[in-house]
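All chains, please: the whole structure from these sequences, using the hints.
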Amino acid sequence: MSHQSTHNDTYNDILAFVEHDRGVTQPISVYRSTSDLTLVVPRDLIIEKLTKLKNDHHFIYLVDMVGTDRFVEGDRFEVLYNLIDLKQGRRVVIKTLADEDDPVLPSASGIWTNASWHEREIFDMIGVHFTDHPDLRRVYLPEDFDYFPLRKEFPLLGIPGSIDLPTSTPDQEASS
Amino acid sequence: MIELEQKSAAPTFFKKHQESFYKSLEDKHTTLEFEDNDDPLNSRMVLNMGPSHPATHGVLRLLLQLNGETIEKAKLDLGYLHRGIEKIAENKTYQEFMPYTDRMDYLSPYSNNVSLCLAVEKIADVEVPDRAQYIRMIGAELARISAHLLWLGTMVMDSGAVSFFIWTFREREKIYDIMDQLAGHRFTVSHARIGGVANDITDDAMALIKEFVQTFPKELKGFHSMLDRNRIFVDRNVDVGVVSSDKAIDLGATGPILRGSGYAYDIRRFEPYLKYDEMDFEIPTRLEGDNLSRYYVRMEEMHESIRILRQCLDRLPKGPIRANDAKQAYPSKDEVYYSMEGMIHDFMMTDTGICPPDGAEVYHAVEAPKGELGYFIQSDGTGHPWRLKVNAPSFRNLQVLEHSLEGASISDTVLIIGSIDPVMGEADK
Amino acid sequence: MGLESALGEGFITTRVDDLVGWARANSTWPMPMGLACCAIEMMAYAGPRYDAARFGSEVMRFSPRQSDLLIVAGWCSYKMSHAVRRIWDQMPDPKWCIAMGACASTGGMHRCYGVVQGIDNFLPVDAYISGCPPRPDALLNALMTIQEKVKTEHSVLLDA
Chain A
20 MSHQSTHNDT
30 YNDILAFVEH
40 DRGVTQPISV
50 YRSTSDLTLV
60 VPRDLIIEKL
70 TKLKNDHHFI
80 YLVDMVGTDR
90 FVEGDRFEVL
100 YNLIDLKQGR
110 RVVIKTLADE
120 DDPVLPSASG
130 IWTNASWHER
140 EIFDMIGVHF
150 TDHPDLRRVY
160 LPEDFDYFPL
170 RKEFPLLGIP
180 GSIDLPTSTP
190 DQEASS
Chain B
-16 MIELEQKSAA
-6 PTFFKKHQES
4 FYKSLEDKHT
14 TLEFEDNDDP
24 LNSRMVLNMG
34 PSHPATHGVL
44 RLLLQLNGET
54 IEKAKLDLGY
64 LHRGIEKIAE
74 NKTYQEFMPY
84 TDRMDYLSPY
94 SNNVSLCLAV
104 EKIADVEVPD
114 RAQYIRMIGA
124 ELARISAHLL
134 WLGTMVMDSG
144 AVSFFIWTFR
154 EREKIYDIMD
164 QLAGHRFTVS
174 HARIGGVAND
184 ITDDAMALIK
194 EFVQTFPKEL
204 KGFHSMLDRN
214 RIFVDRNVDV
224 GVVSSDKAID
234 LGATGPILRG
244 SGYAYDIRRF
254 EPYLKYDEMD
264 FEIPTRLEGD
274 NLSRYYVRME
284 EMHESIRILR
294 QCLDRLPKGP
304 IRANDAKQAY
314 PSKDEVYYSM
324 EGMIHDFMMT
334 DTGICPPDGA
344 EVYHAVEAPK
354 GELGYFIQSD
364 GTGHPWRLKV
374 NAPSFRNLQV
384 LEHSLEGASI
394 SDTVLIIGSI
404 DPVMGEADK
Chain C
403 MGLESALGEG
413 FITTRVDDLV
423 GWARANSTWP
433 MPMGLACCAI
443 EMMAYAGPRY
453 DAARFGSEVM
463 RFSPRQSDLL
473 IVAGWCSYKM
483 SHAVRRIWDQ
493 MPDPKWCIAM
503 GACASTGGMH
513 RCYGVVQGID
523 NFLPVDAYIS
533 GCPPRPDALL
543 NALMTIQEKV
553 KTEHSVLLDA
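Protein chains in written order, with this note's numbering: chain A, 20 to 195; chain B, -16 to 412; chain C, 403 to 562.
Hints were generated in silico from the structure; no laboratory data involved. For each residue, glycine too, the CB sits at the ideal point set by N, CA and C. Treat the hints with care, as some may be off.
Just a few of them, taken from the derived set where beta-carbon distance is under 7 angstroms, the chain B residues facing chain C [claimed, not checked]: (1) P37; (2) K56; (3) H65; (4) G67; (5) I71; (6) Y89; (7) I149; (8) F152; (9) E156; (10) A190; (11) F195; (12) Q197; (13) P200.
With a cut-off of at most 27 angstroms between alpha-carbon atoms, the simulated DSS-like pairs for lysine-lysine come out as follows [stated by the list, open to error]: (14) K171(A) / K157(B); (15) K75(B) / K106(A); (16) K230(B) / K157(B); (17) K71(A) / K193(B); (18) K73(A) / K157(B); (19) K114(A) / K105(B); (20) K68(A) / K230(B).
This is the structure in structure tokens:
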């Protein structure tokens, strides 16, 4: 479990990369959650920074993307990118925030192809839209479903009547 | 007549969903489209496979756009098993949520239990006794063998040999018996607890595990001798479903698919958990990235699992099996039945459970049989997670499937799905 | 061959209903609707140790047109329910249905927005099995319950 902390100095180039941008209007903040180094990047810089991480720092492997509903005013949703550098064996988490009224983020699927499905999942569950996404459809729920179930206001048992059950008279579907 | 056929082929349930799904192929509701004066065998066709299909390993639905027999484009439709496990997690305590992890990757429940418990232990800073860690390792490796055995049976069945399935199931039944003795259920074991495991290995279970470790390598050798030089099996699998190493990384492949494409990425080595840093084992890797290389990777992983099991059995220390801290783990049943404090602590653990610090975030992954299974937890200081995200390996590998099917032959589809080995319960959450 | 030599010369009297029921009960071919965890136990039920062939139902037909018994094994989501219902509609009469496991029977532990709380919301179910997942023995027991039911049905009168 102490694996990450023993490699503290391996993150120097990432910390320098944060330092470099400190002068820009919106600073990138850094903190260490229980395990991994986490950078909070403003959303208009996210694609630039992710590209840089991939090309210059060898984070070629996108492991996971998480969408969270923070249930606060303003920047309500956050999206996390969990990246791995296979050369040096390290992990970094990038976090960015999306606005409540206009939850739109740029898509990372141009950088890592597998971001595509992760973004579809976040769109399905939280309702964050991704611009320039090749195929932004719901991944789990049918397209006819109008709600985003992982938002905090969505009840656990769902909204009655929001998804249809099949009719119990045989073959009605085929004849209609 | 043609009009009528097209009408009945048009989607009738979840209309909008079907339409957008078909639209993603940029080819509308046609089932057959003849190009002018072309050979009918070269015609383009959209084939709908699943969600109920014997070879899609669960309820996966594929939409294949064919040109003759070649797949031009493939689209996957998931979510036929979606039940919102992450939403459930937000409404349960950590310990209450643990049985749900059994039902995610139901071929290797023990790995899932261990994964969740490790993530919670990391965020709440719980120390786990050594003996519990070894028991967890034994369980996780048995689960890996059991999952790979099911894969072996179904994949060989997909390539045409039905009786193989019966032989691998005979071996699986032995693991079920062990789990039955160890945890009290055949496969949804829920044996790990936060801070340790539910109960110690019983003598019966120990005897069964020892016997299994003795006899299984012989069976595995039998499987090898039946398949390694079997011309039908090899010809059917070699150069099929190739995922190059660049593509595997770019598509986020994990587990045996990534290792079959040349990356020796195994969480047991990359970020060692439990006692894997003390274990002596290899990470089987192949370079070709085809079905056969995945076959070899998984077969060798079973050998390595037996190696790890042997080392665990040799080194299994004596001692407690659960953390002795009433704020972090359930007290033992003896304590609950015979002392007032034990009863109160048990009640408190069930009622509020373990409370990680407010605002803490953690990502912890284990190497499940299908690949990297990670839990991301955000805590708000209460006994319920604010957000719990499952990083399911099957979900990621299915994305590889969508891309690796393009250009393949329709007759290989089933085999490629078999070698990717998705579990829909996990991919659909 | 075997039957004649055991009986010698002679004849058996029975009712057509009984004969048809006997034949149907001992050749219930299941349509395995394997959705989730229970599907693995259903495989074990057809596997070597539990051996459903003893009850004449080892022929797992993945085509609904050739089967008599729908075994719904696992939780059924709203999205999947339409496919399950369609398969049920495609099965020829007479047909029976087993809801295997807690999730298929009542929704079980998956009490949340995605799961139909019991497949009897859209299917007629003949036998419920408790357990999460039930052991293969329990599935065999349900099969025997179905067999009892089939034997007592007045099939000929109803078909006419």
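- Message: The hint names H65(B) as touching chain C; please verify it with the least Cβ-Cβ distance against 7 angstroms.
- Response: holds (5 angstroms)
- Take a quick look at whether K171(A) and K157(B) sit within 27 angstroms of each other, Cα to Cα. violated (44 angstroms)
- Item | Per-residue hint verdict: I71(B), partner chain C, C-beta under 7 angstroms | At 5 angstroms from the nearest chain C Cβ, I71(B) passes the 7 angstroms test, so the hint holds.
- Query: Would the stated hint for Y89(B) survive a check requiring a Cβ distance to chain C of less than 7 angstroms?
  - Reply: Cβ of Y89(B) sits 4 angstroms from chain C, so the hint holds.
- Taking 7 angstroms as the limit, does the beta-carbon of I149(B) come near enough to a beta-carbon in chain C? Given a least distance of 5 angstroms, the restraint on I149(B) holds.
- Task: Classify the hint on F152(B) as holds or violated, based on whether any CB of chain C lies nearer than 7 angstroms to its CB.
- Result: holds (4 angstroms)
- Is it true that the CA of K73(A) sits at most 27 angstroms from the CA of K157(B)? Given pair K73(A), K157(B) is violated - Cα atoms ~46 angstroms apart, limit 27 angstroms.
- Item | Agreement of K71(A) and K193(B) with the hint, judged by alpha carbon distance not exceeding 27 angstroms | Violated: K71(A) and K193(B) sit about 52 angstroms apart, past 27 angstroms.
- Item | Interface hint status, A190(B) versus chain C (Cβ within 7 angstroms) | It is violated, given that the least Cβ distance between A190(B) and chain C is near 19 angstroms, above 7 angstroms.
- Message: Does the closest beta carbon of chain C sit nearer than 7 angstroms to the beta carbon of F195(B)?
- Response: Violated. Min distance 16 angstroms.
- Restraint outcome when P200(B) is required to lie within 7 angstroms of chain C by C-beta distance: violated (21 angstroms)
- May I ask you to test the interface hint for G67(B) with respect to chain C, counting a Cβ-Cβ separation under 7 angstroms as satisfied? holds (5 angstroms)
Of the hints listed earlier, those the structure fails to meet are numbers 2, 10, 11, 12, 13, 14, 15, 16, 17 and 18, in rising order.
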